[in-house]
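In terms of the numbering used here, the sequence shown has 1336 at position 121, counting the first letter as 1, and numbering is strictly consecutive.
Simulated from the structure, these hints should not be mistaken for laboratory data. Because the structure is a prediction, the values reported are computed rather than measured. In this text, a Cβ means the ideal position worked out from N, Cα and C, and glycines have one as well. Hints are supplied without guarantee of correctness; some may be wrong.
Label pairs and their calculated CB-CB ranges [to be verified]:
| hint | residue 1 | residue 2 | range |
| --- | --- | --- | --- |
| 1 | Asp1435 | Glu1338 | 34 to 40 angstroms |
| 2 | Pro1263 | Gly1739 | 56 to 62 angstroms |
| 3 | Val1300 | Lys1335 | 40 to 46 angstroms |
| 4 | Ser1293 | Lys1335 | 48 to 54 angstroms |
| 5 | Lys1542 | Thr1363 | 17 to 23 angstroms |
| 6 | Ala1260 | Ser1293 | 33 to 39 angstroms |
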Amino acid sequence: MKYPVSLLLLLAASLHAEVKLPAIFSDGMVLQQTQLVRVWGTAEAGEPVKVTFGEQTHSTVTDPDGKWSLTLNPMNASAEPADFVVAGKNTLTLKNVLVGEVWICSGQSNMQWTVKQAGKAQEEIAAANHPQIRMFNVERIPSMTPQTDCKGAWKEATSANVGDFSAVGYFFGRHLHRVLKVPVGLINTSWGGTRVEAWTSNESLEERPCAKDMLADWMDYVSKWDGPKAQAEYEKLKADWQAQLKQIDEENAKLPAEQKKTKPPAPRPAEDPAKTPHHPSVLYNGMVAPLIPYAIKGAIWYQGESNQRRAFQYQELLPTMINDWRKQWADPFSFYIVQLANFGNNHPVATEPGVPDTWAELQEAQTLTAQTLDKCGIAIINDIGEEKDIHPKNKQEVGRRLALWALANDYGKSGTEYCGPLYLSSVVQKDKIRVQFTHTGSGLKTRDGGEPKCFQITGADQKWVWAKAKIEGSEVVVWNESVPEPVGVRYAWASWPVDANLINAEGLPASCFRTDDFVPSTLGVVSPFKENEPAKPAPAKP
């Protein structure tokens, strides 16, 4: 049946006139307590809109573009499900809305990693009965331009839903809920294998000198992209790879098991720059911008693995992203970082001191960010990693250590130490270096009760040697008889520091650190198009 054009136009106008809300405002949502709460949406231009929640009712009128927004007064936490009503020419009623604490959970695969993938998964899923903990999973969609909406839905932390929750986010929220006794809303916007620049607005990246070459390389990549050509090149690589596999299989059939050749990995097709999640700003545009300015208490962040080859640049990129988010939200909210876990990183266990390590340099960049920015903290987890798995299963402890920061700094629950020892300063005393720390808690100790291990020391010649160390009060004294004039100390400076054992009495591990100012191996690596070049040993200090 054909409809008259006039009727179709009338129908389109009617649909546009409907009051609409972005997906983050939906059934089961959690609103932030004790803060002004912004609410926004669209309707017909000039249309009156009224929002009612609890005892509050606020009204506004849409602007000429059909956009509207208003602000709810601060509310106390409430676990009593209530209706949230938005009325214009039509009425939207959101059910089962709570008021409590709201946190963003973001990063790459270790934040995306779900409860059903974590340790004790079946036990955790079976025990999940926390209807006051809710998670909104943002659908993973990159965008070359900032979006005003995303796809997702609020789900309660029950056995039916929790398996698909971010494990770190869930265990963080569960710890908060147990202590605070209020509802907790978690917004999971994460994507495995992604880089920090993808989560940062283009506006902020363009202001940073360290991002200039990276943005230029991406612009060049976009301008030269030829989809059919890229597909043809991939098909050729794939055919060559398959022929190589066939040849290896034929040769292996004639060889004993210990002499069989290893098969090469399959080639990957080149990524369309308009669709990849790695292009700068595309995840900010598609998965962060639609959430702004939803009222939140803070954010937790687990990312860095994909930036390790540009670790020195990360010292600028991570603070840039944090400040960018705070600027966009117009709120200097708390931001807590998970330092990368210990991991073999496909390297043999370091048996020699002084070996450049991009993983340790990335951990240092994370720590410096946490120590430099206000309302920032870092959860040290270099004691729970897995040598051959970049995704440690013990996400429960990761969430707990993040929650310790929030409880101490955001909720006044500071009855115990909430972080492992962090390097503060050092003093050279003849042939020894004395190292001072923050977050020593009830005192420094070692996990195994022995002497501190995994320390290395050097003179001005940068010839690192393993060092002896001992705890004296809240300090660690480090030395080696072969270094009479030491200038630098490093601790746990490796992706897999097997002997690292320094902790505080509360059992929280010390972060890796270095006291020297030698040039890092990743200095000058500022573009993902060049980051696969092998790291060079750091040059001597001038």
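**Study point:** Numbered hints the structure breaks, given as an ascending list
**Key:** Violated: hints 1 and 4.
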